[in-house]
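Chains A and B, in that order, give the protein sequences.
With the first sequence counted from 1, adding 706 to any position gets you this note's numbering.
With the second sequence counted from 1, adding 483 to any position gets you this note's numbering.
Heads up, a few of these hints could be off.
[Stated by the list, open to error] List time: in silico DSSO-like cross-link candidates among lysine-lysine, alpha-carbon distance up to 30 Å:
#	chain 1	residue 1	chain 2	residue 2
1	A	K770	B	K488
2	A	K748	B	K554
3	B	K488	A	K747
4	B	K525	A	K726
5	A	K747	B	K498
6	A	K720	B	K525
7	B	K554	A	K770
8	B	K525	A	K748
9	B	K554	B	K540
10	B	K525	B	K498
11	A	K772	B	K551
12	A	K748	B	K540
13	B	K498	A	K761
14	B	K551	A	K748
15	B	K541	A	K748
16	A	K770	A	K726
17	A	K747	B	K554
18	B	K540	A	K747
19	A	K772	B	K525
Hints are computed from structural coordinates only; laboratory data are not their basis.
Remember, predicted model here, so these are calculated numbers, not experimental data.
Single-letter residue listing:
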Amino acid sequence: GAVVSQHPSRVICKSGTSVKIECRSLDFQATTMFWYRQFPKKSLMLMATSNEGSKATYEQGVEKDKFLINHASLTLSTLTVTSAHPEDSSFYICSARLREGLQSEQFFGPGTRLTVL
Amino acid sequence: QQQVKQSPQSLIVQKGGISIINCAYENTAFDYFPWYQQFPGKGPALLIAIRPDVSEKKEGRFTISFNKSAKQFSLHIMDSQPGDSATYFCAAPTRGTGRRALTFGSGTRLQVQP
Numbered sequence: 707g708a709v710v711s712q713h714p715s716r717v718i719c720k721s722g723t724s725v726k727i728e729c730r731s732l733d734f735q736a737t738t739m740f741w742y743r744q745f746p747k748k749s750l751m752l753m754a755t756s757n758e759g760s761k762a763t764y765e766q767g768v769e770k771d772k773f774l775i776n777h778a779s780l781t782l783s784t785l786t787v788t789s790a791h792p793e794d795s796s797f798y799i800c801s802a803r804l805r806e807g808l809q810s811e812q813f814f815g816p817g818t819r820l821t822v823l
Numbered sequence: 484q485q486q487v488k489q490s491p492q493s494l495i496v497q498k499g500g501i502s503i504i505n506c507a508y509e510n511t512a513f514d515y516f517p518w519y520q521q522f523p524g525k526g527p528a529l530l531i532a533i534r535p536d537v538s539e540k541k542e543g544r545f546t547i548s549f550n551k552s553a554k555q556f557s558l559h560i561m562d563s564q565p566g567d568s569a570t571y572f573c574a575a576p577t578r579g580t581g582r583r584a585l586t587f588g589s590g591t592r593l594q595v596q597p
């Protein structure tokens, strides 16, 4: 149990286009999902917290108009990178908490490799 | 402000040896300390986690040791195997985040030589 999927796993797009990444909790419901970004050989940096039924909470320095987050249901959150540029190329990873509460485990998706040409 | 400091940055261990990775934290309000394992091109996978009310937790070859007074916790991998070669991250709940995202350490790249 506690499986999180992401789609697509890899995407290449042209500069100026928009890309949508889906994050799904397959066997549990998640009121909260998180989006992280990881550069090569670096750690994961939290971009935003995706809340089901309400607006996402963005970390300082993350452009909310650039990275649109929609938590449409208890099992699906989407991240749309709008007007992508080469500097947006990165590894995007989502996660979901198994349950609410202080010590619930957080499970990660397999990640999406975005390359902007 | 870095909330979780991880060391070493890289580690080479012989097969069968013990791998030790350390993390130090600053916020005494932290109450959950997971370790994640990540292979290249993959998402992090939860390895083992501990709460501060215990000093040690063991799951198979993996052990977390927790020192509350020193604000440190470490991961020990016993009988290290080449398949353990990966990047390991410690983490702690992000301060000020009501929904409890994670702040990750900088990562340790472990290489187990056959």
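- prompt: Keeping to a limit of 30 Å between CA atoms, is the pair of B/K498 and A/K761 held or broken?
  reply: With Cα atoms ~49 Å apart, B/K498 and A/K761 exceed 30 Å; violated.
- request: Assess, step by step, whether the Cα of A/K748 is no farther than 30 Å from the Cα of B/K554, and give holds or violated.
  value: Satisfied, since the Cα-Cα distance of roughly 24 Å is no more than 30 Å.
query: Between A/K772 and B/K551, is the straight-line Cα distance small enough, at 30 Å or below?
result: Status violated; Cα separation ~41 Å.
message: So if I understand the rule, the pair passes when the alpha-carbon distance is 30 Å or less; does A/K747 with B/K554 pass?
response: holds (26 Å)
Restraint status (C-alpha distance of B/K551 to A/K748 at most 30 Å): Since the Cα atoms of B/K551 and A/K748 sit roughly 27 Å apart, the hinted pair holds (cutoff 30 Å).
message: For B/K488 and A/K747, compute the direct alpha-carbon distance and say whether it is at most 30 Å.
response: holds (16 Å)
- prompt: Given the hinted pair A/K770 and B/K488, is their alpha-carbon gap at most 30 Å?
  reply: holds (28 Å)
- prompt: Given the hint that A/K748 pairs with B/K540, does the C-alpha gap stay at or below 30 Å?
  reply: holds (27 Å)
message: Check whether the Cα positions of B/K525 and B/K498 lie no farther apart than 30 Å.
response: Roughly 24 Å separates the two Cα atoms, so the pair holds.
message: Check whether the Cα positions of A/K770 and A/K726 lie no farther apart than 30 Å.
response: Holds: A/K770 and A/K726 sit about 14 Å apart, inside 30 Å.
message: Hinted pair, alpha-carbon criterion (30 Å max): A/K747, B/K498. Please report holds or violated.
response: holds (24 Å)
message: For B/K525 and A/K726, compute the direct alpha-carbon distance and say whether it is at most 30 Å.
response: holds (19 Å)
Going down the numbered hints, you'll see the structure goes against 7, 11 and 13, while the others check out.
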